[in-house]
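Here the protein sequences line up with chains F and V, keeping their order.
For the first sequence, this note's numbering gives the first residue as 1, with consecutive numbering after it.
For the second sequence, this note's numbering gives the first residue as 1, with consecutive numbering after it.
These are computed hints drawn from the structure, not numbers from a lab.
A quick note: this is a predicted structure, and the numbers were derived from the prediction, not measured.
Do not take every clue at face value.
[Unchecked claim] Cβ-Cβ distance ranges computed for the label pairs, FRET-style:
#  : chain 1 : residue 1 : chain 2 : residue 2 : range
1  : F       : Val235    : V       : Ala67     : 51 to 61 Å
2  : V       : Leu66     : F       : Ile263    : 20 to 30 Å
3  : V       : Lys72     : F       : Ala234    : 16 to 26 Å
4  : V       : Ala87     : F       : Glu91     : 37 to 47 Å
5  : F       : Arg370    : V       : Ala4      : 55 to 65 Å
6  : F       : Ala121    : V       : Ala69     : 35 to 45 Å
7  : V       : Val30     : F       : Asp371    : 18 to 28 Å
8  : V       : Ala4      : F       : Pro266    : 23 to 33 Å
9  : V       : Pro5      : F       : Glu85     : 53 to 63 Å
10 : F       : Gly218    : V       : Ile6      : 24 to 34 Å
11 : V       : Leu75     : F       : Ala234    : 43 to 53 Å
12 : F       : Asp379    : V       : Leu75     : 42 to 52 Å
13 : F       : Ser366    : V       : Glu105    : 25 to 35 Å
[Claimed, not checked] Beyond 12 Å from chain V on every Cβ pair, some chain F residues (computed):
#  : residue
14 : Glu91
15 : Asp126
16 : Thr232
17 : Ser247
18 : Asp285
19 : Pro289
20 : Asp291
21 : Leu321
22 : Tyr331
[Claimed, not checked] Listed next, the stretches of chain V that the computed footprint assigns to chain F, with coverage defined by at least 3 CB atoms under 8 Å from CB atoms of chain F:
#  : stretch
23 : 39-45
24 : 86-99
Each residue gets a CB set at the ideal place from its N, CA and C atoms; glycine is no exception.
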Amino acid sequence: MADAGPPSGDDDPDADGSPDAAAASDADAATESASAGAVIVPVEPSSTLRSTIAHVAEAAAADGAAAIHLVEIASWRNGDPESDERAAAAERVLERAAAWANADLDDSEAPGAADVEVVTAVLGADGYLFGADDYVRVLAEYAEANGADRVVLDPEYTPVGNTTLLQPLEFGLSNTSLSVETAPVDRPTRRERFRTEATTGRFVALFGLSLAFYLLLGDPTYWFDVVTGVATAAVVSITLSRVSLDSNPAFPRTPMRIVRGVIYVPVLLFEIVKANLVVARVILDPRLPIDPTLNRMRVIVGSGLPLMTLANSITLTPGTLTVRARDSDLYVHSLVPWAREGLFDGPLERWTRFVYYGRRAARLPSPRERDDVAILQGDDATEELPIAAADGGDPGSGVESESGDGASVEAESTADPTDADEVTDR
Amino acid sequence: MTAAPIETARVWLVVALTLLGLFFSFVSMVGVLRLPDVYSRAHTASQADTLGAGFGLAAVALTVGLAGAGFKSVLLLFFIFVTNPTAAHAIARAAFEEGIVPWIEGDDRR
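Chain F on its own, in the form it takes in the complex (with noise of 0.2 Å):
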């Protein structure tokens, strides 16, 4: 995707860059244009996009860096129900965001422009990930891979809906040996139409939803309820439609879903019930037979909100628990052999693929079937216990970002010594 276009044009390469880049381009000038490395930039379709792709080339041709790397990183995972749409959508923005790179390095009268390489990616489709942390982790990974050493963040850049990410994102990078700079551009007023057609129907679900909820709980003949609604609806579908839903509603798979999800129901309750009778009858036991054990198993639902629904499932039908879900992995602890066992059959991952996929999606193998599954702990243990601080921690490990979880970096550098105290005497 290399673009080696004459220079034209006549903006300015460091009007109105960073101070960063202006004063590695004073420092470069041209003559080490090929000493700095490549730059980072995640894509996700937002307001602000277009003009922080603007800045990045305008910066980018100014050092003389090797190349920008336009990245998605993926909110599915390759080989589940429905991935391939997603890998298409992601496919496409990436087009366009390198479309637009390409064109303003040939508008550049850089001397560098000529050099530089657009190249597109996309990021951790082998695995689920979960937060700020996992997307660190797979930036890491991806500028050591590609001798990239500088991530430019757009200001709006908010991947899987989550409008709290880019904060965590930008304290997780500095962790690293990555320099890591948001793009200095200014957020629209109006918002743009590329944005827009991507989050309308978001809104529109999201505010009937809101009022649908509204007037149920109060009268939806009262006229003051009425306006009162809406405007309630409005702040709440304007300020969550990108948190609340992570993809437009589409027909007819939503409302299948919402009838899928609604058979779902006495499913999980009969679970449930059944699941609560066994667990009563273990605690009331005098001799309390339990046998608790850590568990993990990979699971095939897809990100985002089925992942939610199986774990959440889980940890409502009584006896097991989920702990942990990190990268394809749930981490569930069951409280005896049966509800082991039930999970490892996995009517629920099963049933959770009904509801969002279809009936086809899920005659998939059971966990079990698919050599899924791994017990970490007791006499029938098959894996480690993925606990690293257990013996007390070890302060110093979790620096780096290589254990891949920025959130147990944390943890682990607050914990004091007690910790080895608070874990033997519970």
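Got chain F; can you put chain V on it based on the hints?
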């Protein structure tokens, strides 16, 4: 006189549901006291909310009638079903991140 048997049945159903709710809440309390560590206690804490509160709210819905307030108790139940596992997961995850090893059989800390 025709409505009386239905009315009686409703009252008994309310009593039965309340007792079931109390039973599961009681089991959950016993579990929290008896079980050895934070993970296994989180199991029964969520049990109290699911069936304990579930049967309790069903009794409420039956008492006040399904129109109006009864419907709200169904919504409340839905709310509990979403928030309760989330809270249990948050507690378990926090324990896991702190490096607390789940208790297993034969472990002497109890």
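Evaluation of the provided hints:
The hinted range of 51 to 61 Å is not satisfied by Val235(F) and Ala67(V), whose Cβ atoms lie roughly 29 Å apart. Checked against the hint of 20 to 30 Å, the pair Leu66(V) and Ile263(F) passes, with Cβ atoms roughly 21 Å apart. Lys72(V) and Ala234(F) have their C-beta atoms about 24 Å apart, which keeps the hinted 16 to 26 Å range intact. Taking the beta carbon of each, Ala87(V) and Glu91(F) are about 39 Å apart, inside 37 to 47 Å as hinted.
About 58 Å separates the C-beta atoms of Arg370(F) and Ala4(V), a value consistent with the hinted range of 55 to 65 Å. Under the hint 35 to 45 Å, the C-beta atoms of Ala121(F) and Ala69(V), about 55 Å apart, miss the expected range. Range check, Val30(V) to Asp371(F): Cβ separation about 38 Å, and the 18 to 28 Å hint is violated. For Ala4(V) paired with Pro266(F), a C-beta distance near 32 Å keeps the hint of 23 to 33 Å intact.
The supplied range of 53 to 63 Å is met by Pro5(V) and Glu85(F), whose beta-carbon atoms lie about 57 Å from each other. As the Cβ distance of Gly218(F) to Ile6(V) is approximately 31 Å, the hint placing it in 24 to 34 Å holds. Against the hinted window of 43 to 53 Å, the Cβ-Cβ separation of Leu75(V) and Ala234(F) comes to about 22 Å, which falls outside the hint. With their beta carbons about 46 Å apart, Asp379(F) and Leu75(V) fall inside the hinted range of 42 to 52 Å.
Between Ser366(F) and Glu105(V) the C-beta distance comes to about 26 Å, which sits within the given range of 25 to 35 Å. The non-interface label for Glu91(F) is consistent with chain V: the shortest C-beta to C-beta separation is roughly 34 Å, beyond 12 Å. Chain V leaves Asp126(F) outside its interface by the beta-carbon criterion, the shortest separation being 23 Å against a cut-off of 12 Å. Taking the minimum C-beta to C-beta distance to chain V, about 16 Å, the non-interface status of Thr232(F) holds against the 12 Å cut.
Here Ser247(F) stays apart from chain V, with its beta-carbon at least about 20 Å from theirs, past the 12 Å limit. Asp285(F), annotated as away from the interface, has a beta carbon of chain V within 12 Å; the closest lies near 10 Å. With a closest Cβ-Cβ approach of about 10 Å to chain V, Pro289(F) is found to fall inside the 12 Å limit, against its non-interface label. The non-interface label for Asp291(F) is inconsistent with chain V: the shortest C-beta to C-beta separation is roughly 5 Å, within 12 Å.
A cut-off of 12 Å between C-beta atoms contradicts the statement that Leu321(F) is not in contact with chain V; the least separation is 5 Å. With a least beta-carbon separation of about 7 Å from chain V, Tyr331(F) fails to lie farther than 12 Å from that chain, contradicting its non-interface assignment. Only when three residues or more bring their CB closer than 8 Å to a CB of chain F does the claim for the stretch 39-45 of chain V stand; here the count is 5, and the claim holds. Counting residues of the stretch 86-99 of chain V whose CB falls under 8 Å from any CB of chain F gives 10; the rule of at least 3 is met.
Violated hints, listed in ascending order, are 1, 6, 7, 11, 18, 19, 20, 21 and 22; each of the other numbered hints is respected by the structure.
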